[in-house]
Amino acid sequence: MWEFLQTYGPRLLDGALVTCAQFILAALVACVAALAAGLGRLSSLWPVRSLSVVYIELFRGTSLLVQLYWIFFVLPLFGISLPKFEAGFLSVGLNVGAYGAEIVRGAIQAVPRGQWEAGYALSMSPAKRMRRIILPQALVLMLPPWGNLMIELLKGTALVALIAVPDLMFVAKQINGATFRSAEAFGAALLVYYLLARVLITPAMRGLERAMARRLGRA
Amino acid sequence: MDLSAYPLELPESDRPMVRFMNVTKSYGSLVVLDSLNLDIQQGEMVSVIGPSGSGKTTVLRMLMTLETINDGVIYVDGKPLTHMVRNGRLVPADEAHLRRMRASIGMCFQHFNLFPHMTALQNCMEGPVQVLGLPKAEARARAEELLAMVGMIDKKDQHPSRLSGGQQQRVAIARALAMRPRIMLFDEVTSALDPEVIGEVTQVIRKLVAEHDLTMLMVTHQMGFARDISDRICFFYKGRIEEQAAPEQFFTNPQRERTQQFLRAVKDAD
Amino acid sequence: MTFDWNWEFAFEILPRLLRATINTLIAAGVGYGIAMILGLVFALALRSSGRLPRTLLREVLEFIRSTPLVVQIFFIFYVGPQVGITLSPWVAGMIAIGLHYSAYLAEVYRAGIEAVPRGQWESCRALNLTTRDSYVRIILPQALPHAVPGMGNYLVGILKDTPMLSVIGVTELMQAANSIGSETYRFLEPYTLVGLIFLALSLPTAGLVRLGERRLRRKLGL
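If you read the protein sequences in the order shown, they are chains A, B and C.
Per numbering that gives the first Met the number 0: the first sequence ends with 218, consecutive numbering throughout.
Per numbering that gives the first Met the number 0: the second sequence ends with 269, consecutive numbering throughout.
Per numbering that gives the first Met the number 0: the third sequence ends with 221, consecutive numbering throughout.
Extracted from the complex, chain A is given alone in its bound form:
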């Protein structure tokens, strides 16, 4: 195992860095998409509302892998050619964003009615009320489920290997193909994914939850 890591460690590390990059970019896409679609679903304008519903149902109703292949192989036929790296994080981000949109919507609806009325009573504009009163409170509610979603997002990034983005999973597959040392190659990859989830993402989300709770004076 030791000499395996000595030989292939650097390559696995390169793969892990690509995975991290995919994770961060996909997370950004997911945040933006979730916020836009989550707010859009609650909009009073029906075109905005139905567009959000279509996006959410389309991406939640089909598989990430199907979406990835569609965006990478089919979108070019419509004249939108994305390099594999961009196609990768965009697919993963849009997929997770659809689930995130439901979290956003649920959290906004969970903010007590009295808060909306209080904002109204201060004659705030709807946009200002949302930004200053409702969203900060909703954010605290959405963080715990969002933490789970970030783990799902990390797992989702492994699929970008299938369109040849050289991430951790891709490297593991290559090493496996060259050496047939499958247990070591995929075992090492699984372990790195686990450490990323357990040591980086989960504690970071917990920290964020605590920080947000403190800002609202609840801790």
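Fair warning: there could be bad hints in the mix.
[Stated by the list, open to error] Subject to a maximum C-alpha distance of 27 Å in a straight line, what follows is the list of computed DSSO-like cross-link-like pairs (lysine-lysine):
#	chain 1	residue 1	chain 2	residue 2
1	B	K237	B	K266
2	B	K135	C	K218
3	B	K206	B	K155
4	B	K155	B	K135
5	B	K154	B	K206
6	B	K135	B	K154
7	C	K218	B	K154
8	B	K155	C	K218
These are calculated hints, taken from the structure and not from any lab test.
Here the structure is a predicted model, which means the values were calculated and not measured.
With the hints as your guide, set chains B and C onto chain A.
For chains B and C alone, kept in the frame of chain A given last:
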């Protein structure tokens, strides 16, 4: 704890239905019951009263083996309940021993705890069929007889969610009786009920006292009811029995300062 | 925009895709069956046994939940031969997907069991039911309605994750679309149809799950 001081079995000449011997219960540093000694005779109805946190409910829960004890031994009909005899010595009871001993004890709870996914009749048949191994027909006959006794035969096919609190508690009493226990425990069975339905439950308990030879232990806040039907009142205060006496004596001439205070406070509340 | 959707081609490949859909449904069904049983075993093991095995099991389940299914599929498929067991793609795929989702279902069951009030356990004790009877007759039937929404979500989830089985050559829907693509160099129709078939499967399933949940609650008198 040293168990050598406790008899393996109580002698024929001194064999109450229930005996607590130096029973202690604590959660961490909080002592709930402090070296309790209490005998309950066969056929006796004993009411346990006291302020909340005095440990009175714990007495019942220990007897039902819902709580473990930290020290002492409980005997039921002369045999150790919380312990068993192995190689001529008392050791903590295993699950098989507890199951054997529990068979003679039934309990009704403050919140009824009926099985919500079963009808009143099914609730009363569950124990006899699954535990006692009674044939279905016999268990049904027994359950219907008991449901009739508590006045719930008309509602036997209803689920608990369709019954009022008083009705649920009467079914719960029938369910416990269906196991033919020799000891019945009532843990604040009227505390969760609306005032107007308390009577229908106390009525059933009165009937039990009058017509059956059960040994009963009841935790209650209803002083009048306890006075009417009990053979003895035990007043608990801070994990100890502060005073115990026959009802007349207890309510008309309490001896201890704490008891007098408690009875005054209860009277003021009424 | 060179939108050149070919209806004739679409209809030509549709039967082949629909046949593969049956395999997708079988894979999802078998995988879910394994996950349901294994998940219950894990959930019960988490509640009983000693502290050390419990901590260990919890960590293992956490590991399974937080690593990608597709890597697990590869791991199980390729590691078998290395230790002398050759698993067919189907067997390896079913083990991987069943194990993966059992870790989620264990959590769903655990939460369901914990949602049953303590008083129910105490009633079981007072009626002298065995632990086994308490679970089978009293606790699990009441835990089920709490668990059904989560179980339904993961049923839809497992269905949508079956395309990953194509990576080791399980002949399900995605694999069929991939072969059509590499044979004809047309990707628009096969991938779009696969997406539509998944929509047609997962949207009604989600609806059925909600319906089943209401029925179950009524049947149990809750």
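Problem set entry | Hints breached by this structure | none
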